[in-house]
Structures are given as structure tokens and as C-alpha cells.
Amino acid sequence: GIQVEQSPPDLILQEGANSTLRCNFSDSVNNLQWFHQNPWGQLINLFYIPSGTKQNGRLSATTVATERYSLLYISSSQTTDSGVYFCAVGPRSGNQFYFGTGTSLTVIP
Amino acid sequence: EAGVAQSPRYKIIEKRQSVAFWCNPISGHATLYWYQQILGQGPKLLIQFQNNGVVDDSQLPKDRFSAERLKGVDSTLKIQPAKLEDSAVYLCASSLDRRHEQFFGPGTRLTVL
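Residue numbers (the working numbering), protein chains in the order written: chain F, 26 to 134; chain G, 61 to 173.
Since the hints were made in silico from the structure, they are not lab data. Careful, some of the hints might be misleading.
Stated by the list, open to error - Computed spacing ranges between beta-carbons, pair by pair:
1. Glu161/G - Pro64/F: 15 to 25 Å
2. Asn49/F - Ser118/G: 22 to 32 Å
3. Leu99/G - Ile37/F: 13 to 23 Å
4. Asp157/G - Lys79/F: 49 to 59 Å
5. Leu173/G - Leu84/F: 11 to 21 Å
6. Lys75/G - Gln103/F: 21 to 31 Å
7. Lys122/G - Thr78/F: 11 to 21 Å
8. Pro134/F - Lys122/G: 19 to 29 Å
9. Gln110/G - Pro64/F: 27 to 37 Å
10. Glu161/G - Ser53/F: 33 to 43 Å
11. Glu74/G - Asn55/F: 41 to 51 Å
Just so it is clear, CB atoms sit at the ideal spot from N, CA and C, and this is done for glycine as well.
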């Protein structure tokens, strides 16, 4: 199956700082999503972004499908941004959907 | 619009017992997914339904796990008999159609003793 690698695995930020999370994948995809898993385990949709750039408030994402990576930008981080961020992809061939190992973000006041 | 509903939220059983989880997807969503998330890992897709037909169950341990989606709406996932390594959160998701944005329910946390 497709390999999905996220970096960094762990990140600690001061409130107000900016950060960039990266997702690399090993094959062509036609589905890519970013999720935030909050401390209660709920997976919250951030972006559906198989290609291009999107922005939603303090968050933005860019996927360069030809180079097989996606970036999630968090600006002016807040303590409520803490949690695990997952990238997940669906390959062009097949029906599976693969999650990365996640980036655990802690924002300290 | 109501989200994906799951029940129960928590379940504790002893090994070799059976357990069932229920999922109600977002209204109008044709595709339904069951995932297993072990602590510290990303979710793993177990089975995908398109309406009431199975699209992919390549990762489902079929000797003990089964799932059905009668009438193409609600779905149940069953484990029989449970093993210690089945302790995990079981997540249900749905999407309008295959390869569309998926939306997740709150999950069922299973502990097998």
C-alpha cells in the first residue's frame, strides 16, 4: 500500500507562534485530507485538498500532487490547537484510505 | 445537519466474548467506512461500503470481524470472539460518494480484558 509519512512527529510551540506540518506520500493520490484529532479523540476535518491551496482562518494547506507532498500551516497558534494532526490519502488506484502517523502538537500559554 | 452517530461510546469486555458496534452515517451519504485506531497510531481502514455493497474489506480480519450495512444506511461491526489486541477505538465515517471528503463519528472505545 501507499506510504504516508508526516513530520515532525512531535512539536511544542509557544502560543502565538507559527508552524508548518508536512505530509509525504509514496504514490499518486486523488484524495487527501487533513484532520485534527482533539484530546477527546474526535477527528475534525480541516481540509479536503487533493491538489492546490486552501485557507480557513488561521489555517491553510497546500498540496503539490506531482511532487507527492502536502503542507499544513498554522499561524498564531492557540492552546486549543493542541492535539494530533493527521494527513490521510486515497491512491488513484484502489479503494483504500491511508492515514499517516500524525504530528502531535502541544501549544503552551 | 446531524453528524455521524456511533454507539456505544465505551465498551469493556473479556477476551473471547463478542461485541457489536453501531453506526448511523450522515443522511444521504452513500459510502460508509469502519476504521480501527490503536493507541498512538493513525486509523486503519477495515471495511468500506458503497450503499449496501462491500467495496473493500482487504484489511478486515475476517476470521473474527464481520460487518453489514443492511438497506444501505446504518451499519454494524461485530467482533467474535474478541482478543486482547482488539482493544482500540473503532471509528465510523461516511462520505457522499467514494473518493469524497470523509466525516467521522466520535468512535467507540473498546477495552478487552
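Results of checking the hints against the structure:
1. Taken as a hint, the range 15 to 25 Å holds for the pair Glu161/G and Pro64/F, whose Cβ atoms sit roughly 23 Å apart.
2. Checked against the hint of 22 to 32 Å, the C-beta distance between Asn49/F and Ser118/G comes to roughly 23 Å, which is consistent with it.
3. The beta-carbon spacing between Leu99/G and Ile37/F, approximately 21 Å, falls within the hinted interval of 13 to 23 Å.
4. Taken as a hint, the range 49 to 59 Å is violated for the pair Asp157/G and Lys79/F, whose Cβ atoms sit roughly 20 Å apart.
5. Roughly 40 Å separates the CB atoms of Leu173/G and Leu84/F, a value that falls outside the hinted 11 to 21 Å.
6. Checked against the hint of 21 to 31 Å, the C-beta distance between Lys75/G and Gln103/F comes to roughly 42 Å, which is inconsistent with it.
7. For the pair Lys122/G and Thr78/F, the supplied restraint of 11 to 21 Å is violated, since their beta-carbon distance comes to about 41 Å.
8. The hinted range of 19 to 29 Å is not satisfied by Pro134/F and Lys122/G, whose Cβ atoms lie roughly 48 Å apart.
9. Take Gln110/G and Pro64/F: their Cβ atoms lie about 33 Å apart, and the range 27 to 37 Å holds.
10. For Glu161/G and Ser53/F, the hinted distance range of 33 to 43 Å is not satisfied, since their beta carbons lie about 19 Å from each other.
11. Glu74/G and Asn55/F have their C-beta atoms about 43 Å apart, which keeps the hinted 41 to 51 Å range intact.
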